[in-house]
Amino acid sequence: MPDATGLELAAHELRELDAESIVDTEFHRGRATLIANPPQISKVLEHLKTKGYTFLASLHGVDYYPEEPRLGVLYELLDMKQVDRISVKARVHSDDAHIASVVDLFSGANFPEREVYDMFGVVFDGHPDMRRILMPEDYEGFPQRRDFPLGGEPVLFTYNEEQNYGRWQ
Amino acid sequence: MSLTDDYRRREESITLSAEPAGEETHELLTLNIGPHHPSTHGVLRLLSTLEGEVVRDIKPIIGYIHTGIEKTAEDKSYWKVIPVIERMDYLGYYFNAMAFCGAIETLLGLEVPPRAQYLRVIHLELNRISSHLFWLGTSALDLGAIGVFWYALREREKLLDLFEMSSGQRMHTRYIQVGGVFEDIPRGFEEKLREFLKIMPTRADQYADLLEKNEILLERLRGTGMVDQETLLGLGVTGPLLRAAGNPWDLRKAQPYCSYDHFDFKIPIGTVGDNYDRYRVRHAELYESTKIVEQALAGLPEGPFISPDRKVALPPRHELATSMEALIHHFKLVTEGFRVPPGEAYYPIEGPRGELGCFVRADGSAKPARVHMRDPSFTNLQALAPMVRDGYIADLIATLAMLDPILGGIDR
Chain C
72 MPDATGLELA
82 AHELRELDAE
92 SIVDTEFHRG
102 RATLIANPPQ
112 ISKVLEHLKT
122 KGYTFLASLH
132 GVDYYPEEPR
142 LGVLYELLDM
152 KQVDRISVKA
162 RVHSDDAHIA
172 SVVDLFSGAN
182 FPEREVYDMF
192 GVVFDGHPDM
202 RRILMPEDYE
212 GFPQRRDFPL
222 GGEPVLFTYN
232 EEQNYGRWQ
Chain Y
15 MSLTDDYRRR
25 EESITLSAEP
35 AGEETHELLT
45 LNIGPHHPST
55 HGVLRLLSTL
65 EGEVVRDIKP
75 IIGYIHTGIE
85 KTAEDKSYWK
95 VIPVIERMDY
105 LGYYFNAMAF
115 CGAIETLLGL
125 EVPPRAQYLR
135 VIHLELNRIS
145 SHLFWLGTSA
155 LDLGAIGVFW
165 YALREREKLL
175 DLFEMSSGQR
185 MHTRYIQVGG
195 VFEDIPRGFE
205 EKLREFLKIM
215 PTRADQYADL
225 LEKNEILLER
235 LRGTGMVDQE
245 TLLGLGVTGP
255 LLRAAGNPWD
265 LRKAQPYCSY
275 DHFDFKIPIG
285 TVGDNYDRYR
295 VRHAELYEST
305 KIVEQALAGL
315 PEGPFISPDR
325 KVALPPRHEL
335 ATSMEALIHH
345 FKLVTEGFRV
355 PPGEAYYPIE
365 GPRGELGCFV
375 RADGSAKPAR
385 VHMRDPSFTN
395 LQALAPMVRD
405 GYIADLIATL
415 AMLDPILGGI
425 DR
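Chains as they are written, first to last, in this note's numbering: chain C, 72 to 240; chain Y, 15 to 426.
Just so you know, these hints were derived from the structure itself, not from any lab. Glycine included, each C-beta is placed from N, C-alpha and C at the ideal position. One thing to keep in mind: the hints can contain errors.
[Stated by the list, open to error] Once the Cα atoms are required to be at most 27 Å apart in a straight line, the calculated DSS-like pairs of lysine-lysine come out as:
(1) Y/325 <-> Y/305
(2) Y/90 <-> Y/172
(3) Y/90 <-> Y/305
(4) Y/94 <-> Y/346
(5) Y/172 <-> Y/305
(6) Y/267 <-> C/152
(7) Y/90 <-> Y/73
(8) C/152 <-> Y/280
(9) C/120 <-> Y/94
(10) Y/90 <-> Y/381
(11) Y/267 <-> C/122
(12) Y/85 <-> Y/325
[What the hints assert, rightly or not] What the simulated footprint calls covered on chain C by chain Y, stretch by stretch (three residues with Cβ under 8 Å from a Cβ of chain Y suffice, anywhere in the stretch; the number is not a length):
(13) 84 to 94
(14) 100 to 108
(15) 122 to 129
(16) 176 to 188
(17) 206 to 218
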């Protein structure tokens, strides 16, 4: 992890490239996070990739309900030469959740982006195959959002299979 | 909508984007493999496009055993999350618990006592051996070598007995806790473990004798499913698959956690990255893990097996009878659980299949606001298409076996 100063330097460098790109930085328990402006996300990641963070270790979706912008997309970048990790966070509004896909930069982002779409409803523009991945194709709603009820799925028995989701007659 | 119409509609909703255009298209056959097929190692469905016997494209379709563990975790206090988290990658339960507990310990800023760290290493490495043994047995079964399955599971059985000794459970042990481990190793564990460590290398030699002198197996593994390092890195592949392609990336060495830097071990790597290298790398890891356990057992430090912080770890049973404070702590921990200060943490460890990272967002309450597991099987599955493309369908089975996907980890 870059230390707090290293994080500020990285943020400064990105701001010089594009003044709008970095909104804020966070340093907590040794974890360095750059908070990026969603429209500039590809530019930020591309720059970090040229700086040596060539491996996208993970991509998470987070729901910051009830804060707005509510949904967060987190990119965990890894520099395998320096053994250094940095994370980039972009927050998008839940009513218009769109962010650029980074599949062309990191081809491994394909499945994780689909997962974030599936669970949180963030649409990744430019993704080659933006479909649900874990939930059924015709599922409605985004189950990992904080306001999605737990246990709302009806359990299918013989007596109620006619009424319920998943019936096949 | 009639049954057939509905079926056709669903069938059409699946696109095969990589289907080559041109007059050859009519020669292509779409073959569905799985989700219930013994060689898919779980409930994995593969939509393959074949030209004769050659695989032109493959689409993994997953989600058949998605159980919403990450959602369930948001409704449980931190220490109650561990059992559900363990059920994600069901062959590497110690690793799941370790990644989760590590993330919580980072957020709490909690120090883990050295004895607990060594006990964790012992169990993690034993779990790696048991996971690799299961992989070896089932993969050999896919390739037609049934005998190895019985032998590999015989050794795994010994490991499960050891797990049962230390935690009371054979699988999904919930041994690793926030702040340390559940219980110190019992009397007799050490002798049994030493006995196992003595036979393990000779048994691994025997597997090699069974497999590596088998011409059929070698023919099926050598030169198949070859993918270069750069493609694998781009796809986010880690673990034995990446190491087989010649990249010695291992978090135990690169970013040591849980005092892995105290031990002397080697990182086996391959040369060309075909299925044979993948098999060799995992097979060699059996020896290396045995070596780590030997060293951890020899250097096991004295001291507490769990953090003495009463706000996080349960007080010892005997204190409850004499100390009011201990009783209060016990009550608070069991009813509400401990609270974690707000923050986010990502804790990566080297699982049996690659980088297993746990992301936790805490909001200050006793329940996590978000738990996300970066499961290596999920990311590694993306590499299946480049591995099998333009190879024979028989090689697809071998490649899938050597990829070692755990569907519990993929679907979570």
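Right, here's what the structure says about each hint:
1. Y/325 <-> Y/305: violated (36 Å)
2. Y/90 <-> Y/172: Violated. Residue 90 of chain Y to residue 172 of chain Y sits at ~33 Å, over the 27 Å cutoff.
3. Y/90 <-> Y/305: Distance ~38 Å between residue 90 of chain Y and residue 305 of chain Y Cα, so the pair is violated.
4. Y/94 <-> Y/346: Measuring from Cα to Cα gives roughly 14 Å; hence the hint holds.
5. Y/172 <-> Y/305: At roughly 17 Å apart (the allowed maximum being 27 Å), residue 305 of chain Y and residue 172 of chain Y satisfy the hint.
6. Y/267 <-> C/152: holds (13 Å)
7. Y/90 <-> Y/73: Measuring from Cα to Cα gives roughly 35 Å; hence the hint is violated.
8. C/152 <-> Y/280: holds (19 Å)
9. C/120 <-> Y/94: violated (38 Å)
10. Y/90 <-> Y/381: Satisfied, since the Cα-Cα distance of roughly 6 Å is no more than 27 Å.
11. Y/267 <-> C/122: holds (23 Å)
12. Y/85 <-> Y/325: holds (26 Å)
13. 84 to 94: Coverage by chain Y is violated here, the residue count being 0 at a Cβ distance below 8 Å.
14. 100 to 108: holds (count 4)
15. 122 to 129: holds (count 5)
16. 176 to 188: Holds: 8 residues of the stretch 176 to 188 of chain C have a Cβ under 8 Å from chain Y.
17. 206 to 218: Coverage by chain Y holds here, the residue count being 6 at a Cβ distance below 8 Å.
Hint compliance for this structure: hints 1, 2, 3, 7, 9, 13 are broken, all remaining hints hold.
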